[in-house]
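> Modelling step: build the complete structure from the supplied sequences, incorporating the hints.
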Amino acid sequence: MRVKISGGRVIDPGTLDGVMDILLEDGKITDIAEKIETGDVEGDIRVIDASGKIVTPGLIDMHVHFRDPGHEYKETVRTGCLAAAHGGFTGVCTMPNTDPVNDNRQITEYIIREARIANGARVWPVAAISKGLQGKQLCEYGDLRDGGAIALSDDGNPVSDSQMMRRALEYAKGFGLLIISHAEDLSLAGSGVMNEGAVATRMGLPGIPNVAESIAIMRDIALAELTDAPIHIAHVSTRESVHAIRDAKKRGIRVTAETAPHYFTLTDEAVEAYNTNAKMNPPLRSHHDREAILEGLADGTLDAIATDHAPHAIIEKEVEFDHAANGIIGLETSLPLGLKLVEKGILSLTALIEKMSVNPARILGIDNRLKVGNPADITIMTPDQPHIVKVADFQSISRNTPFDAWSLKGKALLTMVGGNIIFDEIS
Amino acid sequence: MQFAKKDILDMGSLSREEITLILDMADRMKEISERPVKKVPTLRGKTVVLLFHEPSTRTRSSFDIAAKRLSADSISISASSSSLVKGETLIDTARNLEAMHADVIVMRHSSSGAPHMLARATKAAVINAGDGTHAHPSQALLDMMTVRQNKGTLGRLRIAIIGDIAHSRVARSNIEGFSKMGSEVILAGPPTMIPKEVETLGASVTYDVDEAIHGADVVMMLRIQKERQRDFLFPSEREYAKVYGLTEKRLRKAREDVLIMHPGPVNRGVEISPAVADGPYSIILDQVTSGVAVRMALLYLVLGGAKNAGKN
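Just so you know, the sequences run in chain order V and G.
Counting in my numbering, the first sequence runs from 1 upward without gaps.
Counting in my numbering, the second sequence runs from 1001 upward without gaps.
All clues stand as given, with none of them false.
Reference excerpt, derived from the structure (chain V facing chain G, CB under 10 Å, subset only):
hint, residue
1, 200
2, 206
3, 315
4, 319
5, 321
Here are some chain G residues pointing at chain V (derived, C-beta under 10 Å):
hint, residue
6, 1091
7, 1112
8, 1114
9, 1120
10, 1133
11, 1168
These are computed hints drawn from the structure, not numbers from a lab.
Computed from a prediction, not measured in an experiment: that's the story for all the values here.
Even glycine gets a Cβ: it sits at the ideal position worked out from N, Cα and C.
Dropping the structure here:
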């Protein structure tokens, strides 16, 4: 079966930008040209009319939590893959803080198996840096890589022991595996439950200072320099962190970084009235930090936008603020929130596609570009169609988002993995 | 003026006019406690639940007495004796109390914001009797009542609040209350105990207790908790008493008619010397008396005041 994506504006940052047709056969891209003639037999070809739409390499969310195995009432690999598809993502990286932890090949393979039957986005599991995320003993990186792990992280927990982090960077280098750092100094974070500042003071909630994040990032940058290993910094939220990463990049250190839509959209004011759907770690920061995040996105200091999709059930959120679980779901709102940056002139559409697709792919060592011979992992989106977020319609099992009922513009209309359409609002 | 609030959650959500209304009402309620028969039928048939998730003697008994003086039926639920320890959520508790037709829930909780959550989940009026390190509005109102009775005004006074501001719901509510009424609030304590950007609440900050006391009309001392040593907030009670404690000598810098206040319980010899706590400037026990009157006023007003309550 052949498929033609017809008449869309095809954007593959740095290589393609123009109205073009894309021809697919057996799940692979076979031609990209201004006008592809496919003969007159309608039957053996499916034509997707993409006129007025944007066609891009499939979006990749390199930071999600699918709670499977262990907490399937919040999200499973299957529902997560469908939520990703609906958000326009063709691939996601699942963090290892499942139960049991993804610190061994069996769990990695289980996640990949579940993803294959989900008929949704691809999953590239991130395995743990340390056994049980305890920060005491290295996992078997060779075995994990062979099982399909794409990177390593103790996300949720920082690796507090600096020597352990050094050895992890060195040992992972031998297998070509990237270390993703959840950067947090736990003693500085203390019992904090939101950003330290005027809002926390007024609300009487213990605060987490910005430096709880940036001090850990500075250490990890120093260790990346020492070991000459690449490091990726997860969920950057503070201005000090942006400065540290910008400076490290200038010095040629192999550091990349991501931020999440909530950090460039919201501030700690969203916690007002003790809204537990605005509680996450790292916490929503001040407007100064939000400004710095926007600058970091614009100047390339922050390479990627990743959601930190963190599903939680109502029983974990509808409780006292200090007892509530950290995190929000993000897969089905990420692209519209990113497109807001384009509308406001902070990022070009091309730059947004870089941060949501080709940069994550490059950081992870995946080739998802639109070129002949590559698997047809493609997202078709509208950049400006107005819509209202309805969390009740989400594919995700969980409902913990502060963006419900928001009026947004632009969204994914069709998502395709290896030529297989996993989400379609065009036809 | 009609009182229109369903709940009393914090001082930030009360207007200047509402505060004045509450204090005026409390002044009227005070007389009831001075009668030989200390009871009026005003809230007969109303049910007041005292839901205390944190130990409290003073505040709980004060609300209990206030309810009884107005003839409301009050019942007490404490965390240790209820289903709260059996894993029931706050929302469940709220729904259950509502199903029993509670009219007012007076809540004390160790989590900041818990009464706000309760208030959203129930039609009953919620009065915050202290939540975490956030707010203690009835304490601030009774402090303001006591000051107003002694000074005749709440405007243009210099109020010094000294101690662990960061962990004090009493301090937060008093900063918001007194500054809203036009007084100047100055905070003092070790820098470790001054929360970030506290000036945004309407107070100024000094680390020098003598400077804070200088020219003060009111000096409010906060209880210091020994466990804070573990969080590296201060090294010892000995040094705290010496540098930040209120002594007779230090008090000479204040105005001659200074009022000394403390929300209790008092650590005599730590934040305040016994001679000052029990001395002529102390109005610590007046605060306790005002507490009952303010809480009677709050119960009366959230239950509809003159509008709904049976008048006698």
